[in-house]
Structure formats: C-alpha cells, structure tokens
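J.: One-letter residues, chain by chain:
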Amino acid sequence: MKQFLAAAMLAGAIALPMTALAADYTIMAPAGPGGGWDQTARAMQDAMTTTGISGNVQVINVPGAGGTIGLAQFAQEANGDPTRLLVGGYVMVGAILTNNAPVKLDAVTPIARLTGEYEVIVVPAASELLSLADLTTKLKADPGAVSWAGGSAGGTDHITAGLFAKTVGVDPKLVNYIAFSGGGEALAAVLGNQVTVGISGYGEFQAQVEAGALRVLGVSAPERISVIDAPTFTEAGVELVVQNWRGVWAGPGLSAEQTAAITADVEKVVNSESWKQTLATKGWNNTWLPGDAFKAQLAKEIDATSAILKDIGLVQ
Amino acid sequence: MDTFALLLQGLAVAAQPINLLYALIGVTLGTAVGVLPGIGPATTVALLLPVTYKLDPAGSLIMFAGIYYGGMYGGSTTSILLNTPGESASIVTALEGNKMAKAGRGGPALATAAIGSFVAGLIATIALAFLAPWVVKLALAFGPREYFALMVLAFVTVSAAFGDSALRGLTSLFVGLTLGIVGIDLQTGQARLNFGVPDLLDGIEITTLAVAMFAIGETLYVAAQGKRAPETVEPVRGSLWMSARDWARSWKPWLRGTVIGFPIGAMPAGGAEIGTFFSYATEKKLSKHPEEFGKGAIEGVAGPEAANNASAAGTLVPLLTLGLPTSATAAIMLAGFQQYGLQPGPLLFTSNPQLVWGLIASLLIANFMLLVLNLPLIGLWVRLLTIPKPWLYAGILLFATLGTIGANPSLVELGMLLVFGLMGFGMRVFGFPIAPVVVGLILGPMAEQQLRRALAISQGDVMVLVASPISATLLAIAAVALILPLVLRAMGRGRILSEVATDND
Amino acid sequence: MAPGAMRTRERRRPDWAALLVAVGLLGLAALVAWDASRLGAGGAYARVGPQTIPYAIAICLGSLSIWTVFAAYRHDFPKRDQQDPGPVLWIVGGLLAQIALIKFTGFSIATGVLFAMTARGMGRVSLPLALLSGILISAAVWFVFGRLLQLTLPAGPIEHLLVQGAELIVAPFKAAPGGAV
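Protein chains in written order, with the working numbering: chain E, 1 to 316; chain F, 1 to 505; chain V, 1 to 181.
Calculated directly from the structure, the hints in this document are not laboratory data.
Bear in mind that the values here come from a model prediction, so they are computed numbers and not experimental data.
Label-pair restraints from in silico Cβ distances:
| no. | chain 1 | residue 1 | chain 2 | residue 2 | range |
| --- | --- | --- | --- | --- | --- |
| 1 | V | 63 | E | 282 | 44 to 54 angstroms |
| 2 | E | 252 | F | 411 | 20 to 30 angstroms |
| 3 | E | 256 | F | 28 | 45 to 55 angstroms |
| 4 | F | 243 | V | 100 | 47 to 57 angstroms |
| 5 | F | 197 | V | 63 | 24 to 34 angstroms |
| 6 | E | 241 | V | 63 | 46 to 56 angstroms |
| 7 | E | 81 | F | 197 | 18 to 28 angstroms |
| 8 | E | 145 | F | 470 | 22 to 32 angstroms |
Beta carbons are placed, not taken as given, at the ideal position from N, Cα and C, and that holds for glycine.
Can you make the complete structure from the sequences, with help from the hints?
T.: Set out below in structure tokens:
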C-alpha cells in the first residue's frame, strides 16, 4: 500500500506542473539546466511553493555567454513586471566586462544577495609549497613558473589569482593562468601534478582536501571558516577578500512598493525550512544582503573587477 | 563485507518489484526526453532529477540510473531511423545506421545498437565496480600534452576513415575547424569570429550543427531530388531481427567498442564522442567488409554504440572515486548524488559502500530494463519509416527544431539550424562528406586548448609535447597512421599508373 | 578523332560551380585571417596565442582553395544531378516562417506552419489539412515537453488554451492533495 501511495505521489508530482496557468513568479536562470544558477532558481521555486508564497512558480533557462544573454533578454521582457525574477552572480560582473555586453547590471533592479562561496588556493599533497608565504616567494621569484589552474579566463578564479598577485606586488599580467572548461578538469590537472596550484571555490576541492590528496594554502574569506583547516588570505598577510556570490534581481521600472513586496517574498524564501535544507545539502553559505546594501556592494565590486581585468589585460 | 557480497545485496534491493517499476519509469522517461535531438543526457537528467526527489533513496537512485542510461540510449534510435543524432555521442551511429535503415535493415541496426549498449553497459559497469581505482590512475596521468597527442591521433585516424576524396574530406574538416574557432577563447576571454552577435559567444553547439547538417541538410537534399527519390522506404528487407551473420559481425565490435570507450570516458577531458570516433575507425580498419562502410556496415553501428555506453559508465569512474565531474552530465549527477547524502570522492567507497553498490546495482538493472523496453519496440520503431514521405520529413523537422528550441530558446539558434542545413544541402550536392565538419568542430577546440595549456605550463618549450612517454607514444602512432597509408598508396598508385600506361599503349 | 577532341574541349572548360566553391573557401580564409588580425596577443607564456590557430586554419583553407581550382579544371568533382528548387524553397520558407512566428504565436502555431510547409514541399498534400494536423501535433508535443517535462518552449494563445483546459480537468483531483489518483 505504501508503495502504491509512493507511485501515486510520483504520478501526482509529474502532473503537478500542469495545474495552474498564470505564474505568480517566473524565475529566469541565465544558464542551462543543472548549473549553480539553475539550481538556485529551482531551490527558490521549491521554497516559494512549499511556503505558500506563490502557488505557481516557473523557472526558465536562457543560457549563454556568462549570463549576459539572459540578462539582456530579462531587462527587456521584465520591464515593469513585478512577477519576474532573475538569478545571477559575481560571474556575470566579470562576463559583462570581458564580453563588453551592451546590457549591464544597472539595467535591472537588485533585490538581494543570497548565497556565497569563498575561493581557495590548493596544491597537491606532495607539493613543496607549504604555505601562502611559500607561494608568494615563488611567485615573486619567477611568476611564470607558477601555473594556476582554474575556470575560464576572466571568471572568478582568474580574477582572484590576478588580485592575489597584485596584492603581493606582482604584475597581474604575469600570472601564468591556465583556464580549464569545467571544475572537474582543473581539479584533475592539480591532482595529476600538471600545474603548480589550483584556484576555485572550496566546493570543487572539498572531497580531495578531506581525503588528504590536496592541501589548502589559503581561503579568500573575511574570517576563518570552521570546516577549512587553513588561514584566510588576510591572516597570512595578503589583504584580499573575494566572495563568489549568487543573487536575485527584478526587472527595471518597478515602483518602490513593488520592489519592497518582492524583497519581502525573497526574504521569506531565505528564512524557509526548504531553503535552509537546500543550503545544507549543497554546502552553500547564506550571505544574505538585501536592497540598497547589495546595490552599494555591487557597485564597489564592479569598479574593483573592472580595474583588475584591465590589469590582467582582459579588458582594454 | 567484500565487494561481491555488497554488489549482490545491492542487486537484491534493486530487484524488488517496486524498484523494477521505478527503473522502468526511469528508462521510459529518459528515453522519451533523450530521443529529442539536441537534448542530451545532461539536460535529460537535469530536467527529470526533481521527479526522483519524491521517492525513498533506493527508489530514487534506481530511477535516476534509469533516466541516465535511457537518455544515453534515446539518441541512437533517431540517429538510425531519421539520420538525426540525438546527441554528439550518437553522431557516428548515424553514418552507418541510417544507411542500414534506408536499405530495410533498420531492425538489425536498432537491435545491434540495443544489445551492444547492453553488453557494453554491463561490462563497463562491472569494470567500474572492480577496476575503478586503477583506471582513475591512468586517467590522471593524462595532462594537457597527453590530451593534445590523443587529439592528434584522433584527427589522423578519423580523417582516414571518412570519404573517398582527400580534397573534399580535408575541406569539410577545415570548415569544421573554422566553426570551432567561433566563440570566446577560453584562455584569453577574447571573442573570435562572433561578428558582434552575443549568441555566438559560447561557440556553435555541436548538436545544433549535427542536427542541421544531418537532418535538415538531408531533408532538403531529398526534397531537391523531387520525383527521382523513392516515395517510401521499404522498412523491412530480409529479417526484422539480427541474422546469424549479423551476430557474427557484431559481437567483436561490441567488445572492442567497450574496451575503447570505457577508459576514454574515464578521462577527465575525454568525452563520449571521442571513443565513438576511435571505435568507428578501428572497425573500418579491421572489418572484412570495408567496402560496406559508408553504405551501411553493421560493425559501424555496433562498435560506436558500445563505445558510447561504455563511456557513460567510464564517466562514473572519476566521479565516484575522485568526486570529479568530467562532463556536464556528471556535474548534474553530482548534484543528484548530494541529494541522496552521497558525497562522491576518494572516501566514498569506504565511507558509504551501501549507496555506491546500490548505485552500481541500479545501473545494472537500468541497463537490463533498457534492453527489455527497447527490443520489443524495434518492430514499432521501424514502422515509422512506412509513414509517407511528406509526413515523415515534416515530423523530422518538427522534432529537430523542438530539440533545438528546448535546449536553447533563441532565434539565433534556429537561424543557425537553417544556415547549416543549407550548407549541409550544398555539401551533399557537391559530394563533400558531412561527418568531418562535425568532427572538426568537436576535436578542433579541444586540441587547440590542450596545446596552449601544455605550452603555457612549459612556458613555451615545444619539446614538452614529446617529453612524456604517453604523449610520445601516441604521437608516434599518429605519425605511423598518417604516413603508412600514404606510402602504400604511392606504391599502389605507381602500379595502377603503369597499368594505365600499358593500356594506352 | 572526334571523341578525343570533345574530351579536350571538356577538359579546357572548368567546372564553374567548383570554382565557386574555391572562391568561397578563399573568402572564408580571408575572413578567418582578418578576424585573427584584430585579436589582442595574450598567451605570453605559451607563445601560441588566440591568433595562432586561426592563422594556421586560414592558410590551410587558402591552400585547399587552390587545390579546388585544380580539381575544378580536372573535373574531379562527382556528377551533380539536376536539383529541383521548388520543394527546397517550401522547406526553407517553413523554417523562416517558424523563426519569424515563434515569439509571437507560440510554439504550436509556428511549428505547425513549418510542418505544413515541409509536408507540402515533400509531396502533394492538402495545405489546410497539413496545417491543422501540424498545429495539433505541435500542441500535443508542447504539452508533453513544455508542461510536463518543463522544457522552456515559447507559449502562445493555443498553449494558454491548452493549459486552461487541463486545469479544468485536473481541478477536481486537486481538492484532495495526495489522495487517490
């Protein structure tokens, strides 16, 4: 009987999406199904339906060019429409600059920063580099001899590597950054001793670090993180904090009341059990920052990112 | 508990009737979505994963395995019957498979694909269970220079296997390589050949090109033949099932495909399609009927289909042993595993043996279920070809565009479908082979990026490319494969020339 | 002597269409080279930058173009049959119509038009019948993939109608959540 019920529930689960038409919220993930933005959008969808904020939430995927294609489409379609949300993150900031995208983040209304992840620098367990100081010494002696494996050029990993070099007094242009297409490929290169260091979000390396195959040299967090047995960059004398965050935006042309109502709904999502459970299973940190504070932080980051991308030579 | 006992226990759980039902639902859903051209296993798994959340862990794991294998398998059916590859790993299947279908041998083609997938899935899943730690060591020994050498070898073997004219084959390949440049350069973030169109920044989607060139190009070509083309295809000529001869010609390719596909799937930058290329080239070389290749040789379906399924199991090797998601599909599966509290990584086999063996048992069951579902359906699928031509091709275009829109709802993507479709039509008229274009688009960017990574790491020292034993060996094999046929041909041509000369006298 | 003379005359006259292919390849080579020339250097350590491979490909395309010219004079290309332009135009028109319509009319109507025009191009079929069946099939496909499986497929009037209809049918069952299905 229990099994029959489970099967019945499954049938119900498949049938569920067809039950309503007018979506109370439509969330755009400017990436294909399965990635971080898509997962964030679908977790919000889940939280909104289970908490009763909205009976019907749709997620649409518009992949392409680091989210800039979705952003351009969203800015146009969601103008004055309080039912539309856009998920995005720090990667978009860099992508807009490197792609010289015509539609920028100022074309949409920032609602809140939701989650974040910190960058770590790792080496294979057998590496001669034992601390950030060792890395700094080696980098200063011969920048080309330190190869950094991370994600695509101009992404968060590359930006962090550039900022790190700049902070320790090495020209960011000289960073020998090797871009890999997926997190897995960069990790394989580090594990196989193909490169000197790896740089990416902690989640990419976590399992290997726990198994003792990789050593964390430093974390880009403002203060020590309990689960990571390594100093922050700042503790090691490198004044640098980088957060790879994800956030949510609404369309342009909304009234203050409409923006406030959306912010309240998103806050309800963040405080819901369903959302907390998602963060726990996926290992995301809650870095909630709503409204104007988010907007100010965003403006600051856009300036800093633009400066470092010029230093690295990715943006003219 | 030892490995074997754990596996048996997992199988016992997976074989409960309710779990078998979940497996059946999983493979059915997976096949249904995976059959759409452009929607590969990655998107299929991503879309259907939420369905599995509502079940208990064992049930959802089993359904998930079913979706994964179903999504992998779905693509080959359309490749064979409609010349419309469902995903990049079944492009090679279309080459021989569709020719077979047109000759009334769609039944045996589908059967050898299904059974080959099953055999390869079975062997590779067992290999995953027992060989994973060793295979992963081999995979990690591959750095940028080794991958570059592997790509060079792939270029050489594959271009030897396509087409009868060196000029037209190379032209097709270089058109593909040109298309491969389009998009953001991974190493420097600069846009190449995108002409200011933002939709081109991510490059040209392989499945879009394949669907356009194969399905739409073919439709236009058939249309342009007007009344000369036969009104309908005879769906079954000879037996619907594989004859004794088909079996005899299939079993070796299945095994060879498995041996080729599994380790390449396990390599972090390998990819299922590379295995299918190697398998196709190998079968053509070893076949006793090389003249049938290009006209519907069953080996050319059996080998690559086994290779792509073995790759699918191979992908799980680094994922389970290292927590390394080496493909889009694997990245999504990682997200799925986390949902079941399964944290892939080096500690997984020791810390969570029940779940790992449960998963492996589920894969075996899903694999079996796929065979049970698909063999009886072959008769039905083949009947698709009896649909009168106007309706059949209208349906093909409907599904081709559906897959493209579903994967990326952008007008530029639809525009590319049309442009590349016209290109595929033009190339058919002039006798240019289609497959090398797709091969160039797949291999070109990989080879370029790996070369540049290798050289950046060595700070510009070219000798590094031959400094490792693996890369040196691979490059040496590639050199032999390139030069030997040229020498043989030169000798052969000399003979023919002298014969011609005597004729004229 | 007559057959021999004819053969030489045929040899002298190039395969014009193949020459056109050669021109196309040369144009492509120039395009690739031009695009590479405006790229910044980058890849300082590798000494192989984003321009290197494009230049190499452009050179190869150029060489293939020259080779094609020789082939055109030697008539190395296979015999081409007469191509029938009518059906091709129908199908290309169908694809263009789908691109033009899909944002405004939704998936079903746009794809229905494509279906009908393709069927018409492929043989003698009644256009209204093809259009009707095309729209019906597309609507069913939209419902399965867009609604049940959550693919992002553009919606229009037919899709909205479909969803409202489904809602009416499902409504009685919704009253008892988790109940019998």
